[in-house]
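If you want the building blocks of each chain, they are given just below.
Protein chains: 2
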Amino acid sequence: MSLIIIGTVAFDAIETPFGKTDKIVGGAATFASLAASYFYDKTKIVAVVGDDFPKKDIEKLQEFGVDTEGLQIKVGEKSFFWSGKYHNDMNSRDTLITELNVLEQFDPIIPESYQDCEYLMLGNLTPQVQSTVIKRLKNRPKLIVLDTMNFWMDIMMDDLKETISMVDVLTINDSEARQLSGEYSLVKAAKKILEMGPKYLIIKKGEHGALLFHEDKIFSAPALPLADVFDPTGAGDTFAGGFIGYLAKVGTINFNNMKNALIFGSALASFCVEKFGTERLLELNEEMIEDRIQQFVNLSLFDIKS
Amino acid sequence: MSLIIIGTVAFDAIETPFGKTDKIVGGAATFASLAASYFYDKTKIVAVVGDDFPKKDIEKLQEFGVDTEGLQIKVGEKSFFWSGKYHNDMNSRDTLITELNVLEQFDPIIPESYQDCEYLMLGNLTPQVQSTVIKRLKNRPKLIVLDTMNFWMDIMMDDLKETISMVDVLTINDSEARQLSGEYSLVKAAKKILEMGPKYLIIKKGEHGALLFHEDKIFSAPALPLADVFDPTGAGDTFAGGFIGYLAKVGTINFNNMKNALIFGSALASFCVEKFGTERLLELNEEMIEDRIQQFVNLSLFDIKS
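Chain order of the listed sequences is A and B. The first sequence maps to residues 1 to 306 in UniProt numbering. The second sequence maps to residues 1 to 306 in UniProt numbering.
Given that identical chains are not distinguished, each listed pair holds provided it fits within a single copy or across any two copies.
Each computed DSS-like pair below joins lysine-lysine, with the alpha-carbon atoms no more than 30 Å apart:
{"id": "1", "residue 1": "K56", "residue 2": "K20"}
{"id": "2", "residue 1": "K78", "residue 2": "K56"}
{"id": "3", "residue 1": "K249", "residue 2": "K259"}
{"id": "4", "residue 1": "K305", "residue 2": "K275"}
{"id": "5", "residue 1": "K217", "residue 2": "K161"}
{"id": "6", "residue 1": "K20", "residue 2": "K74"}
{"id": "7", "residue 1": "K205", "residue 2": "K85"}
{"id": "8", "residue 1": "K217", "residue 2": "K305"}
{"id": "9", "residue 1": "K259", "residue 2": "K205"}
{"id": "10", "residue 1": "K205", "residue 2": "K188"}
{"id": "11", "residue 1": "K191", "residue 2": "K275"}
{"id": "12", "residue 1": "K217", "residue 2": "K205"}
{"id": "13", "residue 1": "K249", "residue 2": "K305"}
{"id": "14", "residue 1": "K305", "residue 2": "K259"}
{"id": "15", "residue 1": "K191", "residue 2": "K142"}
Treat the hints as calculated values from the structure; they're not laboratory data.
Using the sequences and the hints, build the whole thing.
Below you can see the structure in the form of C-alpha cells.
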C-alpha cells in the first residue's frame, strides 16, 4: 500500500520583498512529498527532471523516505524552471520565466512497484498527464486528490473537466472555484463543482484559510496568522501533501478525518512559508508539528454552552 | 446596569445586484441595538434624528426593549442619509450620497438614567463625539468597545488615536488595521495597535471572518459561507451589537467569553445580510439564533487526537 504523488520536480528562482534566490529546488511533487513524508513512510513520486538536476537533491528526498523510482531523469535535457517575483502583499506574484524543458514531453511512467497505490495525489500538471496516471494504475486508488489551476481552465477546460470527473477530492483556490463554476458565491460554486464528480472540494483562500465542502457540509480551516511570510512558493503543494499524507496515515476516509487532514495540511503550509523554497520543510520534527497543531487548536476552538 | 450604544440612527438607500430600496431605516446604532436586544434587555441608545424620522420606527426599537431616551429628535432638521451601490462581488461599494444633516452638530447628551452604564459601544462617528460620551459618563464603564473606519484615519488620525487610547476593544477591518499600524502583517499590526491602548483588537475580514487579538493570543472566527448575500449594509454594526450584547449578558470579560461573543456577533451578522436593511433582524427568535450558532460550531470544530 502506498501514496503516489505526481507533479513537478524542478528549479525555482524566487524574489520576495525579503530577498532573492538563485535556482533552488522546487516543484509540486517535491513540496508535497516532503510534507507527506512527515506522516506516511510509503510516499512515492512520479516526475521528470533533466540531467542538470543535482543527484544530492534526489538523495535528499530519499533520506525523507520518498521513493524516487518513478522519477525519470532525461539525459541531455533540462529540468523545468520557474522564476517569479512576489509583490509586497505576498498574495500576488508575477511569473518572470517559465521554461517547460522536460515537461513538454512528460510521459508519466508508473513503475510496477507503484501498482500498490492506495492514495494518489495529482499535482498541478496538464489534465491529460493527470488522467493518464489514473488510467495506468491497474486498480483505482482508494482516494484520488487533484490539484489544478486557472491556466488549464483558460486553455483546456474540457480536458480538465474530464479529469475532474475521475477524482474524489479537488483542491483549487477561490477565484478558480468561481471560474470553474461560473458562480460568485462559494457555496453555489461548490454545489456545482461537486456535481462534476468529486465528492470533496477544498477551496484554498491563502491567508484566509481553506474551506472543505462535502455533500451539504462545510468545514472552515483557519490559516495561522503569521508575523512574516517569507516565501509563499510551494505552500499550496505542501498543504496538499500534508493533507493526503495524513489521510494515508489514518487510513479511513470520512468527513472528520478530512477536517483533521485540512488542519495538518495547513500546519505544514504554515511552516513552508517561513523560509525560501523547501528549506523549512527539511528541518521539521514531530514535536514542532504537534506544537503547530496546538496553535491551530487554540486559534479555532471555542466552547459555547447554551 | 445597562449597555449603551452610541451611533447613527438614519436613512439608507441601497442598491445591490439583487435590487434597490427607497429610503429605509438604517444606522449603526439601529443595527447594533437590535442585535444586542436579542441577548440583553437593558440596551439604551444615544443618537440624533431629525423630525423626518418616522415615529413608528422609534417605536419599533422600543418594542425590542431598546431604551430611546437618549435619542434626540431635532425639530426642523433632517436625519442623516446615506446612499450606496454595491458591486457584484458585494465586498466593495460606492457611496452615492452622504447627507450629514443632524450629525453635523451632534452633541451626545447622556440622560441621567443612562449613568448606570456598564457596557459602552461607540459606533462609528467622529472620534471627538465618541470620546465626549466616555467623558460624560460619571463612572468608567466596565467595557468600552470602539468601532471606527478609514475615513477618520484619513482626516483626523490624532483625535482618533486619542479616543482609541481610552477603550478596551477596537473593531476595524483588515485594511484599516494596516492603515492604523503601518504594518502589512496583521500579527504585527495587532501588536502595534494593542500598544495604543485597547486590550482587545478585533479585525473584521467580511466573508473571511474575524480575528481576535489579546496579549499574545489569537482567535479566528469563521464567517458562515452563504449562498446569497443580499445586502451587506449594517453587517459590521450588527456584529458589534451582537458581540457586546452577548458580553453584557454573560457579564464576565475574559478571552473565552470574547471568543464566544465573536461567534454570536458573526451569527447575527450572517442573518443581517440575508435581507435589505434591518428587515431580517426584526424577525429572529432564540431558536433561529441557536440553530445558526450550531452551524458555526459545525463549521469550525475539529477533534485531533494525537
